[in-house]
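Enquirer: Below, each chain spelled out in residue letters.
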Amino acid sequence: MGLGSFTRQKRNTSSQLPTVAANGGGRYSAGRVVPRGRQIQKTFNNIKITVLCGFVTILVLRGTIGVGNLGSSEADAVNQNIIEETNRILAEIRSDSDPADPNEPQEPDLNPNVTYTLGPRIEDWDTSRKKWLESNSEFPNYVNGKPRILLLTGSPPNPCDNPIGDHYLLKALKNKIDYCRIHGIEIVYNMAHLDKELAGYWAKLPMIRRLMLSHPEVEWIWWMDSDALFTDMVFEIPLSKYGNHNMVIHGYPDLLFDQKSWIALNTGSFLFRNCQWSLDLLGAWAPMGPKGPIRDEAGKILTANLKGRPAFEADDQSALIYLLISRKNEWMDKVFVENSYYLHGYWAGLVDRYEEMLEKYHPGLGDERWPFVTHFVGCKPCGSYGDYPVERCLRSMERAFNFADNQVLNLYGFSHRGLLSPKIRRIRNETITPLQYLDQFDIRHHKASSKP
Amino acid sequence: MMERCLGAYRWRRMQRAFRQFKVTIICLLLTIVVLRGTIGAGKFGTPEQDYLEIRDHLIHTSRKRAEPHRVLEEVQPQQTMASDSSSSGGGGSATTNSYTEFDINTILKDEEPDDKPDPNKPYSLGPKISDWDEQRATWLKENPQFPNFIGPNKPRVLLVTGSSPKPCENPVGDHYLLKSIKNKIDYCRLHGVEVFYNMALLDAEMAGFWAKLPLIRKLLLSHPEIEFLWWMDSDAMFTDMAFEVPWERYRDSNFVMHGWNEMVYDEKNWIGLNTGSFLLRNCQWSLDILDSWAPMGPKGKVREEAGKILTRELKNRPVFEADDQSAMVYLLATQRDKWGDKVYLENAYYLHGYWGILVDRYEEMIENYHPGLGDHRWPLVTHFVGCKPCGKFGDYPVERCLKQMDRAFNFGDNQILQMYGFTHKSLASRRVKRVRNETSNPLEVKDELGLLHPAFKAVKVSSS
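If you read the protein sequences in the order shown, they are chains A and B. Okay, so the first sequence: first residue is 1 according to the UniProt record's numbering, each after it adds one. Okay, so the second sequence: first residue is 1 according to the UniProt record's numbering, each after it adds one.
Derived from the structure by calculation, the hints contain no laboratory data. Just to be clear, a hint being listed does not mean it is correct.
[Unchecked claim] Computed list of lysine-lysine pairs in DSS-like fashion (alpha-carbon distance at most 25 Å, straight line):
id, chain 1, residue 1, chain 2, residue 2
1, A, K423, B, K315
2, B, K109, A, K423
3, A, K423, B, K121
4, A, K291, B, K109
5, B, K433, A, K196
6, A, K328, A, K241
7, B, K425, A, K42
8, B, K425, B, K121
9, B, K22, A, K291
10, A, K423, B, K433
[Said to hold, decoys possible] Just so you have them, the derived chain B footprint on chain A, three or more residues with Cβ under 8 Å:
id, segment
11, 55–62
12, 165–173
13, 376–385
14, 422–433
Note that CB positions come from ideal geometry on N, CA and C, so glycine has one too.
The following block holds chain B by itself, in its conformation from the complex (with noise of 0.2 Å):
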């Protein structure tokens, strides 16, 4: 057929080209497709999406589908019967009744932009405050009604937490958010501390973990009749509601944290001491500790650095941008001459008490000893560090990490719930079981642990 198209003798040079020509050509080829394997050829794509489309296609066809895709579609269904089935309010288009798979992001918005910081200038947490001692002193002089002890051995404490002001990823973070604040509101108002719940970031730069550094203080400087300021991370529960800190233990000190003296300057381990839950003084030395604790902090280059610094110096410590942990380790090590004198690393009982250790033994410590002792046989504190509830992914199974936190939690609310003559069924049930009977004389019933009018709560007397 081409040979009559063409002429036989053009046909016949034609194909004599060819066979000459036919390596040169095959090389052609080869080099286009080692190029495209490796440079990618834009809109046509690389071999690797080739083969991953074939494969889509395959499954696709083959119905081999993951069982999240089928969540997905299950869930649309609902959506759209939701849709036709909304009688009242708003008519017409897409106005749904049913909160399923609503996007929270479609409301949030910003109505300034960023502030973009000046990237010569060095970070500062604010301007360099030297008096704060003699201005606070006059300041609670000159405002009785705002004592900052509220009992002879009784500091005023201000318990700080927070989280972030957006929806969690993970479906039941808040929930355990709520659950986490709602324990440290129960030991807060048997023990007369008052809470701050923070949901704002301060400081775009200090972001992340670093975030509370601006926050305490900008706390510290505006409540002058707090004595102690608590910092404790949403994922800490109480465990021991009984448990008062012995605050005369710490009349020299101005900063408390859990942790080993030997771990932090022997050591220099990057877990010697653990800043999800600690006790600052308001003082003028805590103003000077977060101005040295922050330079590590901004976030970007600043902060990736030091994270190198910190792996390089401290023991253990895996590679990752500097975390304020790492940094109170470093900056306690190096310069233990300034600071050291007036940092207390307690641990005769559990300021912070790592999950890990605690939460298969509670069923033994009920068996065993009773709320009031704060250390190992019955912690004051139970910190799941590394389950971030929150995000997506933590360090550990999810399974363990929420199952554990719900026997914790039950484990605190149990003490509660007995001052009212309640328990929960079991250390992981919802449920509550009534323990002591209702009477007709509830004032003459006295709670065991003596928590509904514990001691350190009585007001002081007045003389009048």
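Isolated chain A, as found in the complex (with noise of 0.2 Å):
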């Protein structure tokens, strides 16, 4: 009750205020300055805390988050920068484009009523070359008793459509640099087209004649395919059954002449003899080749010889296949199809059977207990899209590279952790004399001692 009257007297005072302004606001200056005054005090007194609390807040907030706009924007815009110059270039650089086409003049167009020849006639190379051994006997053809090899690989000069790609060539070559160390073969990589009508897998056939006009010294030219994996360290081809073959491909006669199949020999691993035979053969071989109309028209005429060939343009595969079933008494007596063991040798049936092949089986033989090559045909993994599950590949590829790297390592003491794993565990201790196991475990060894 009391409190009640108590609000009531604040309440009368305060209602007086007004009038005591009003009546100042009569005479006109006096009362304006009072009250003013005042006025102010009182808003003052009663938003002072109010005030005060918006400060701090205002200095708290400051302090925590940051004066917000200016800060971090500024690294955001920075980084954005970054990220998109970063995918301007990486474009750029996939792209096929060229800074110094635009100068440069058309070439004219391949006239289709010529035969494509990949260079001047040549007749007479049996003879020339011997000559050149005769007169450089610092180069012989034959080294240590082995013919010298040349292996010829290669992939395109742009980067693949995507990073993997890059990655599995990268290990491709690792590989092959590894079984060519071991055994003594040269390694070319080649990464440029020397013919622009032969680009694609035609692009090994000018390459092969120009390495084999080059280098008399060679005996053997290999051309290996970027996806096909050495997985036999220590088996080496036999070269002595070849003494009258000039060509040596993967491939079974039956499906070869009775079937004319277009997968009865593979090209994706084959040797050329260093002869003059083997310049005919090119020769024959690349008419189909050269890109545009030619190809397409002879990729029907391929697709309508043999069986199980889907319809694309020509590819060397069928063109060679067709080449040998249709001249076969030409060509025929001096290629050798080989399949006791995998000189190319089709992934799919091999790579879930490594587990078992490291239980019953040894490196060296090559074969279907313990393959030489593993061939991944169709995975692509240079390009967008494969002809199988990448998961499937990119796994198989992983297997196979492992399978083979444990051969290589085994020499030092290491293996893969597991077939899928990149990294390496100790399987031999480290010793003072370390020189104890290379007869062992050399594989170069190996073939020096079992020489008589």
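Once you've looked at the hints, go ahead and assemble the two chains, each given alone in its own frame, into the complex.
Expert: Set out below in structure tokens:
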């Protein structure tokens, strides 16, 4: 009750103010100054807490969040710029466009009526080569009793459509370097399209011819696809078996002659002797290659004549099969169709059996027990799409790579932790007499000691 | 309304209490806000997170999205299209035939756990061997079919390089690694040098730039027929295919690096020498220097502490963990009498050539000089230090690095292609053009540089 009167009193007092002010309003100047000052004071009194809190809040927020717009978004903008710039550069690198292109005159189109040739006709290569070898005895074609082999492989000059493709090209090349170092073979990795007519899978033909003619000291040229991996590091091609032949290719004669199948032979891994016959075969092989209408028309002929071939432009494998079937008498006597070991091993039937092989067999066999080459046909890791699920392809390629790498690392006392693992573990302790193991574990010494 | 709920008296009492305690309440609220700002309130977050959330929300709605996000969004529809169109293989679930955006890490797996090193044992590359020279000499005598010299002045050399077994973080990194190894294969084929490409980490403690030490030791001990081991970084390229290393000059040396004596011994400059490209003889001395070099390498505390020592002791070295190059400078500068007489710091030719001062001058070199010089006129090696094409961030702008690596590659590749009558259309172009016509007498044509059958590749003519 008392409280009520109190508030009422207060209200009365406050209600008096306006009357005082109103009264003061009549006498203009004096009345305005006093109530204005007090009014301001009163307002200030009322809101001083509010002002104080507001001020402190701003300070605190500024301390915790920062001045917002200026700071963080600047760093963000810079980051964004870097990302955009990188993407632009990557796209430029990946594209096929050439900075020099606009200035170059257009090269004339190929005349479809004239048969395409790889180069001027050479008739006497055997004699020229023999003469050269006689006068250049410091570059013999047989070294330590073994014929000189040159392994040719390659890939397109631009980055793959996706980064994982380049990674597997790199691994496949390392795999070939390892095999060739162990067996004394030289490698040529081609990244140039020597002949723009023969691009794609046909690009190997002009390169093989060019290498044969430039390196008479090379006895055999071995083409190997970039998606083929060595999986038997010990096995060596029994070249003495091919004394009377000039071309060694993996395939099945019954598929070739009886069924005329388009996969009767595989041109992913084959050998050519450096001789006139090989130059002639290359010359007869090339005409279906030039891109454009010639290749398309040839593709139709091949699809019509070979069993199981889908419809697409002419590829080198189908063209070779067609050539050997149609001109069998001319060429087949010097071609060795090999299937006693996997000069080319189709991956699908092999990759799942690696554990079984490790358990039961040993390197050096080269056949279905321990394949010499595992060839990942159809995986196409350098492109955007393959013929098989990506996961299966990459998993299998990783396994094949590690399967082979274990045979190389064996000399150093290491092995991969699993066929899918990039990490290695020690399988043989370090010793102060490391040379005791060499004869046993170095593959080169196997060969040397087995010689009579 | 409240008045009616609670009664006038209680309402007024509440109002009064509120008026009296408003200061207290305000201070309480303020304290909570400040504490949230400084300590955070767990899942209720901090003001900074609030701010970021609000900003993201605003940006999202105002569609000011960054380019990478747009890229990712575009890719996803592609992927779904691909899996829809894939017909063969595997039927149902997520089996796609498209390589775009496939994560290799879903495949790679370790089947065994990492070995934990014993922290109390001091690090060593392996058990100490003291009689390597004798062991090796005996072996060479017993195995004459693996001589350590393949020619009168030509030792057997193994070029060692390598990269990580996992794909590069940078999408084009693997492509440049591929080009780099092709470049090395070409040089080595011409010069009769063997190549070893390493993709295995032999010792997890010596990871990164130190990984070469255990590898080098292992290779020296496993290949006694090797006279010199030539380590080369993966970002170094040969740009002079005709230059043959002057082996006789190093007859009395065991370790050859590019560098300057004054900068290493007098100035102790951390770039006084370069360990990106060096020659190491296969002998006891080399095993000893590897053992002395290794202690700063083991990752973790040892490497950090060593890094501090090196930054303090060496001139101009920035602050970072110990690297093999600084450690070598420090080792040579502090123990010159022990090692100095067998170390040759070569600067007459570019056993390592810093790319920054070389790549812009290629056209000038082509005009004025010729391959075979190996020095500033036509560098043997162009080394892209700092570019790190395999990683995400290097020390230099990406565009400059990659474009210049292309140019250096083409510069070297032209010397290989000219053997076969071709050359790149320009130093920036991947395409090639013919410079020598095909002829029906190919053996009469000699290539300009004489690289097809060079003297340094000639096989010793046997007496039989």
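Enquirer: For a quick check of understanding: which of the numbered hints are violated here, in increasing order?
Expert: 1, 4, 7, 8, 9, 10
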